[in-house]
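J.: Given next are the chains, with one letter for each unit.
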Amino acid sequence: MTTVPGHSEQITATLREPANQVSPNAVRMWRAIAWTQLAVTVLVLAVVWLLVGEATWWLVLVTLVVVAPGIMYAVWMPPLRNRIHRWEVTGDAVFTRSGWITTEVRIAPLSRVQTVDTRIGPVMRMFGIAAVTVTTASAAGPIVIDGLDEEVARRVVVHLTETTAATEGDAT
Amino acid sequence: MLLVGPVQVARQILVPAAVALIGIGTQQPTWLLLLTPLIIIGACAIGFLPWFTTRYRITDTQLVVTRGLLNRTRLTAPLERIRSVDLEASLLHRVLGLQKVEVGTGVDDTRIELNSLSTESAEELRTFLLERGTDAAGPVQAEAAEPAAVPRADLARLDLRWARYAPLSLSRLAVVAGAIGALTQFTDDFPIVETGHALWDRVLSFSLALVVVVAVLGLALLWVLIAVAGYLIQWWDMRLFREAGNLRLTRGLFTTTSTTIEEARIRGSMLVEPLLLRAADGAELRTLVTGLEERVFPVLPACPRGFATGVGAELLGTSEPFEVTLLPHGAAARRRAHLRAQVPTLAAAAAGVVVTWAFGWSVWIAVVAVVLVAALGAVVGEETYRHLGHRLTSGYLVAGSGALTRVRTALERGGIIGWVVTQSFFQRRRGLATLVATTAAGSEHVTVLDVPVGTAVAVADAATPGMLTAFLRD
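For the protein sequence lines, the chains are A and B, in the order given. Read in order, the letters of the first sequence are residues 1 to 172 in the numbering used here. Read in order, the letters of the second sequence are residues 173 to 646 in the numbering used here.
Bound conformation, chain B alone:
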């Protein structure tokens, strides 16, 4: 226990401290000897403080946490209000047999954190708090929550073969590209690169095509390795199971996390199929939850689509939202999708005019570029329209969206807490509207884009019977 705090503080101050030390050390080497132990002692002292000053106890009705040395704060959470108890353990925590506990009351976003409890007491605390919570279930709407038929039955376990889907989700690619970009900033400082440059020139003169092919293959291979490694680190040993009216997800290779969601708080789901993943018949599943820090909560990593919809159906209590055919929004919506997808073409045309006129490039370069962008835009526009749609099932409002990534959002009708119908100038001319169902779950709104306005109102009225009745024209 007494190690975790100082190490965390040390990690936070490592970079600024190192920079300061190197800066000072080059000027005054003797200072280095004095300052280094001072920084280490400082890190220890600051790191120890929370442990010495944090206390928690459980009264008959409340969880009370006091912390702070000079500013003493006292956090209390009524036991029956506790909605989530999450555990997290970094590699260091795990080596030392510790857990970080985060207690959420679900009403606001502040969570009570208890770092470095022993694994047993953390587990004990978790079970106790959650059982107390469910026993005295307050005024929570528990419409969709069915008591677990088979307790502790796994809804899903990580199948290692799913790792083949990892390289197809490109969301991690941006992070990797950023990291590589940052690395190249440093490589200029290395002397090896100088000699490398000479070698590079010789290789380039040898065969440019070969270099390009090797580079592309190398990058692709690197991406596959990074993606699979990231996937496994994040989702290793993933288990999704029911436990006394709660849904629990545990996962992680180095840092393990355990998240518990009250099933009554699940308001819907999102089935996300990025372009490449869709081509391989894979999908990711997220749930829309109220009163959790992460309101769009990923429950399944990239996995076979059929499996994702199966688990989704299990969570929502019906497979309907995943199976129904979405109703298309018609020709006007399609035209708008295409128009919007052609905006880059305008930019390309403008750029084409500039390079032709100002730099004297051949007109044909501009023409070919514009045609290519327009063709791509046509594909994107058509895809966007094909993904667009909505459907009302007996329990859910289902909305389809996305351009290259297909997203199917299902929102429980009981979770809708209001409606917004927006019409831009152009939408009004085409008789379309954007229908937004507001909710406390997920991203707090589900949008049905470019739907004929009459249909939008009818869908809203049918989805929440009575809410609109007084405001309808006969």
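Next up, chain A with everything else stripped away, as it sits in the complex:
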């Protein structure tokens, strides 16, 4: 693609999808978390219903307003997120897509990467999932690769640390 500075308006380009999908375990985890949240909410509501003892109009309203979106979230979010979340680490850059209602595509060249962290929360450990966070010198630019199998995450971190260690300068 050739560009004359200032005349990029006539040119449009499209990004392809990042190569890799998240781990199937991540989808299971999202689903489990969403349904657990819903179960807890329903439990709390049930206690309130018992305490009030009758079906007042506001109680019905609150139940509908809380439970209906909760069910929609638990049903729609995991597959939608599974379709949208994708990631790719090449020899020169990290490329991710995330989100489900609002989508976000992030690209950072490895030459600008400052730190690489792995995060495994307690729930993530149960599902064998890890998240890799790549930070650059900009507070606006951390890239989180979410929902990786622990083994894949380990390989990604090794690759990233080896590549970024080879670059010089302070990456600003």
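By construction, these hints were calculated from the structure, which means they are not laboratory data. Computed from a predicted model, the values in this text were never measured in an experiment. A virtual CB, placed ideally from N, CA and C, is assigned to each residue, including glycine. Honestly, I wouldn't trust all of these hints.
[To be verified] Ranges between beta-carbon positions, derived for each pair:
no., chain 1, residue 1, chain 2, residue 2, range
1, B, Leu644, A, Leu51, 55 to 65 Å
2, B, Arg600, A, Pro24, 23 to 33 Å
3, A, Arg154, B, Gly478, 55 to 65 Å
4, A, Val158, B, Leu221, 43 to 53 Å
5, B, Val348, A, Arg154, 55 to 65 Å
Following the hints, put chain B in place on chain A, whose structure we already have.
T.: Frame of chain A; chain B shown alone:
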């Protein structure tokens, strides 16, 4: 020297100490006599401590500062890593011929502070550290830094006539309004106000319109005075000049400051034109800098727009970012700008329904209010769209933004360290996206709002050749 520390400590403890003393004094007057000298001696002791315990020395390779009495800390900064040496002197410092020196290494935000050096030794230290720094210039990217053609030539000096722009920047107004609000809390306690109230009632009955006019004129006059005074206090004797590859800004009427920025660290600029200032053809200029505490660094106060862009062009090495016409983002972006500006109209309509229904006000009050808010929203929406835009010049990504304040941000293409393309649900439906260039400078990101998604990707690709190539669809 031995005065500055205690005075600073005294100033910090003044209010709590006074409150405590008054509280105790009303109960037990004798305690007052005992406690007052104790507090003064305490302030002196605490104030002296840093001076007695802080030492600095310069080795062949490092600046070493040791401080602390019980917890001794030792700060070291490799000389070639020192990026900024800033001087500051409050009125007290200046009377005593002293300076506070702040040394920044640019990598992290911690700065080494040396309070109360004599003015000569502070200046000596500054020159020495900065010259050492530039001699052994490390792996800093020095693409844009041109050696100063004419050393010590002033890029800008304060022109006193610029003070006329001061009242047009309303950013200081919030502070003043807050201060006045706080003051009114106290006035109730004064007996004068009681008699004043009686007088007030008589004046009110005389002519309400006259009172309103006088009050508005009085407040406006007060604002002009405060704004001009604040402007002059902050920017008095401002000089912006180049010095051995660095940009140096000195200014201040009471407290003088001197800030030095390595020119290689300047990644771009922001031209800010608030509504009123824009009407008077004025602007403010800031630079986007990496590795400085204040990453959006104001280099010029409100001044004529042409002058601001001239200095900006000098700093960026090209006038292009200030002159190019920005490319608009099209009808969909305009619709979104208008929609967003109409959100207050919804709130006004809701409020209108409430006051009509609950308080039984006339429907027409609500209707007129909603129409006014909607009209204002239409103006704001149109302005927002007109300010929106982007352009790629040979060296810079230029982004236009702002609703009432017009902001033109120019970011050096080499300073872009990543991209984020966000699409909300509604943006996706309209084929728009928010393009964010991440950078280590300034607020760490430059945002191009509501740009057609294809254009966004193309701009990103063109701005940083190669960064996106592998991820583009053919």
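J.: So, for every hint listed, does it hold in this structure?
T.: So, going through the hints one by one against the coordinates:
Between Leu644/B and Leu51/A the Cβ separation comes to about 59 Å, which falls inside the hinted range of 55 to 65 Å. In this structure the hint that Arg600/B and Pro24/A lie 23 to 33 Å apart at CB holds, the actual value being about 26 Å. With their beta carbons about 58 Å apart, Arg154/A and Gly478/B fall inside the hinted range of 55 to 65 Å. Val158/A and Leu221/B have their C-beta atoms about 50 Å apart, which keeps the hinted 43 to 53 Å range intact.
Against the hinted window of 55 to 65 Å, the Cβ-Cβ separation of Val348/B and Arg154/A comes to about 57 Å, which satisfies the hint.
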